[in-house]
Amino acid sequence: MTSIIWTWIAAFFTLAILSFLYKDNPLYKFAEHVYVGSSAAFTILYVWVFDAYPKLVMGFREKVGMQKYLLIIPLILSLFIILRFIKPLSWLSRWSIAFTVGMAAGLGITGLTQGFLVPQVQASFLPLFVQGPTTGQTILLTFNNIIIVFGTIFTILYFYFSREHKGLLGVSSKIGVTILMITFGASFGYTIMARISLLIQRVYFLLHNWLGLV
Amino acid sequence: MIELLKKLAGIDRRFIYAAVFLATAIPILTKATMKVEPLPEVRKAYEYIESLPESSVVMVSIDYDAASMPELQPMLEAFLHHSFSKNLRVIMLGHWPLGLPLGQQALEKVAGQYNKEYGVDYVFLGYRPGVAAVIINLGKDFRTVFSSDYAYTPIDSLPLMREVSNYKNVKLLLGLEAGAVGDAWVQYGYARYNLPIILGSTAVSTPDYYPYMQANQVISVIGGLRGAADYETLLGITGEASIGMLPQSVIHLVIIAFIIIGNIGFLVLRRAKK
Numbered sequence: 001m002t003s004i005i006w007t008w009i010a011a012f013f014t015l016a017i018l019s020f021l022y023k024d025n026p027l028y029k030f031a032e033h034v035y036v037g038s039s040a041a042f043t044i045l046y047v048w049v050f051d052a053y054p055k056l057v058m059g060f061r062e063k064v065g066m067q068k069y070l071l072i073i074p075l076i077l078s079l080f081i082i083l084r085f086i087k088p089l090s091w092l093s094r095w096s097i098a099f100t101v102g103m104a105a106g107l108g109i110t111g112l113t114q115g116f117l118v119p120q121v122q123a124s125f126l127p128l129f130v131q132g133p134t135t136g137q138t139i140l141l142t143f144n145n146i147i148i149v150f151g152t153i154f155t156i157l158y159f160y161f162s163r164e165h166k167g168l169l170g171v172s173s174k175i176g177v178t179i180l181m182i183t184f185g186a187s188f189g190y191t192i193m194a195r196i197s198l199l200i201q202r203v204y205f206l207l208h209n210w211l212g213l214v
Numbered sequence: 001m002i003e004l005l006k007k008l009a010g011i012d013r014r015f016i017y018a019a020v021f022l023a024t025a026i027p028i029l030t031k032a033t034m035k036v037e038p039l040p041e042v043r044k045a046y047e048y049i050e051s052l053p054e055s056s057v058v059m060v061s062i063d064y065d066a067a068s069m070p071e072l073q074p075m076l077e078a079f080l081h082h083s084f085s086k087n088l089r090v091i092m093l094g095h096w097p098l099g100l101p102l103g104q105q106a107l108e109k110v111a112g113q114y115n116k117e118y119g120v121d122y123v124f125l126g127y128r129p130g131v132a133a134v135i136i137n138l139g140k141d142f143r144t145v146f147s148s149d150y151a152y153t154p155i156d157s158l159p160l161m162r163e164v165s166n167y168k169n170v171k172l173l174l175g176l177e178a179g180a181v182g183d184a185w186v187q188y189g190y191a192r193y194n195l196p197i198i199l200g201s202t203a204v205s206t207p208d209y210y211p212y213m214q215a216n217q218v219i220s221v222i223g224g225l226r227g228a229a230d231y232e233t234l235l236g237i238t239g240e241a242s243i244g245m246l247p248q249s250v251i252h253l254v255i256i257a258f259i260i261i262g263n264i265g266f267l268v269l270r271r272a273k274k
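Those protein sequences? They're chains B and P, same order as listed.
According to my numbering, the first sequence is numbered sequentially starting from 1.
According to my numbering, the second sequence is numbered sequentially starting from 1.
Calculated from the structure, these hints are not laboratory results.
Treat each hint with caution, since some may be false.
[As the list claims (entries may be wrong)] Simulated pairs of lysine to any residue, SDA-like, Cα-Cα distance not exceeding 25 Å:
hint	chain 1	residue 1	chain 2	residue 2
1	P	Lys44	B	Ala123
2	B	Lys68	B	Phe85
3	P	Lys168	B	Gly108
4	B	Lys68	P	Asp156
5	P	Lys31	B	Thr183
6	P	Lys44	B	Leu56
7	P	Lys35	B	Lys55
8	P	Lys140	B	Leu56
9	B	Lys29	P	Lys44
10	P	Lys31	B	Ala10
11	B	Lys63	P	Arg162
12	B	Lys68	P	Tyr152
So that you can see chain B by itself, here it is in the shape it has in the complex:
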């Protein structure tokens, strides 16, 4: 019985959201507000249950010595963030933000260099001729490598703005922008595929779980 009620509720919200395709209406607004409200409440609850309570509250109870006193630092930084809502003391929230920004910047720089820039540059150093097991494979593998190597070079040249894009640089940057357009096209195709997948699942839910037609 409970499952039937939840299926009807889910069907109602699905139809309410889809009704926006016809035009904006109160049902859509209602579903949207319920979604935003419940998501925010759920996230707050999750952060409390899975982070603040086990790491801080239980930490104060269970940890001993220095480990326990170290917890005062995140507690103070958390309180400072909340002080943002009290105008005379809101400046204190900058300390917490500075800590977060500093940490994120540090992690970001090392992560991007070590985990993205260097490996990706290494991966673009490829031989321009690859001997495959068959002639067809040789052509295909060689062609792939040529696209990767020259595609990378031409795309980077498109973003070289210190000289006017004329002559050889102009031709290279035109090839670069063409490669970018192909990339955007592929991404857009994937995006359509993703959105359609969502529609299929919702329609399947309505026809299968709700109406029992399939």
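Fit chain P to the given chain B structure using the hints.
Frame of chain B, contents of chain P only:
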């Protein structure tokens, strides 16, 4: 002809929505399925999991929520079927709070089908905020991040977790990605600790993850509903992803037809104006 094109150019967008809806609903109502030939990258992911020895520990990261459920939930369920049928042990955690209940739901459902025991065959750790910091610290010691599981059970009281101290004890991470957390797994988990990673991603994120595969930073990428359907095919399952393949193909054809008609109409009307 020009009059018809003019009419088409001014067509109410709701007719297009209706056409797309019908193109989705009719193939579903026919209950017909469509055979897919698995993509090489999905086959590679499948073969890697196949090659893992029994009792290996694999990790799943739930980095999506309900908005990406249609693509990633079938992928998760297929992976859990694959893992439990091979007697692999599963640790689940996640970086998207709203998605974790979806992960837990699938974990309990599939584990139940294989009579797997909580704490011995699978563990649900839950959520900690801080993505990069969480990933880095898990590589040092799981206990620095998760001293207990989602129900506050100390992880050292769980037999599975007693054997796991850091990524050295984990044979694979499957990251189910709807955003940028996959980048963090590669940039910190793989780059710092050589954690073997397969990324299962929404179709929107898939083009961003292919470069990692080309650079051998991840084992493979399973992309979108098509990737999930490929994985189901390799496992011999007809799940929601496989059911979705026929409507997806029909809608794609409808959209391609709209794009062609739209462009022809645009060009003809522009010429007529001149």
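Here is how each hint holds up against the structure:
1. Lys44(P) x Ala123(B): Roughly 19 Å between the alpha carbons, so the hint for Lys44(P) and Ala123(B) holds.
2. Lys68(B) x Phe85(B): violated, 28 Å
3. Lys168(P) x Gly108(B): Holds, because 24 Å separates the two Cα atoms, which is no more than 25 Å.
4. Lys68(B) x Asp156(P): holds, 20 Å
5. Lys31(P) x Thr183(B): violated, 35 Å
6. Lys44(P) x Leu56(B): violated, 43 Å
7. Lys35(P) x Lys55(B): violated, 49 Å
8. Lys140(P) x Leu56(B): holds, 21 Å
9. Lys29(B) x Lys44(P): With a Cα-Cα distance of about 45 Å, the restraint between Lys29(B) and Lys44(P) is violated, given a limit of 25 Å.
10. Lys31(P) x Ala10(B): With a Cα-Cα distance of about 23 Å, the restraint between Lys31(P) and Ala10(B) holds, given a limit of 25 Å.
11. Lys63(B) x Arg162(P): holds, 20 Å
12. Lys68(B) x Tyr152(P): OK: Lys68(B) and Tyr152(P) at ~19 Å, within 25 Å.
Going through the hint list in order, the structure does not satisfy hints 2, 5, 6, 7, 9.
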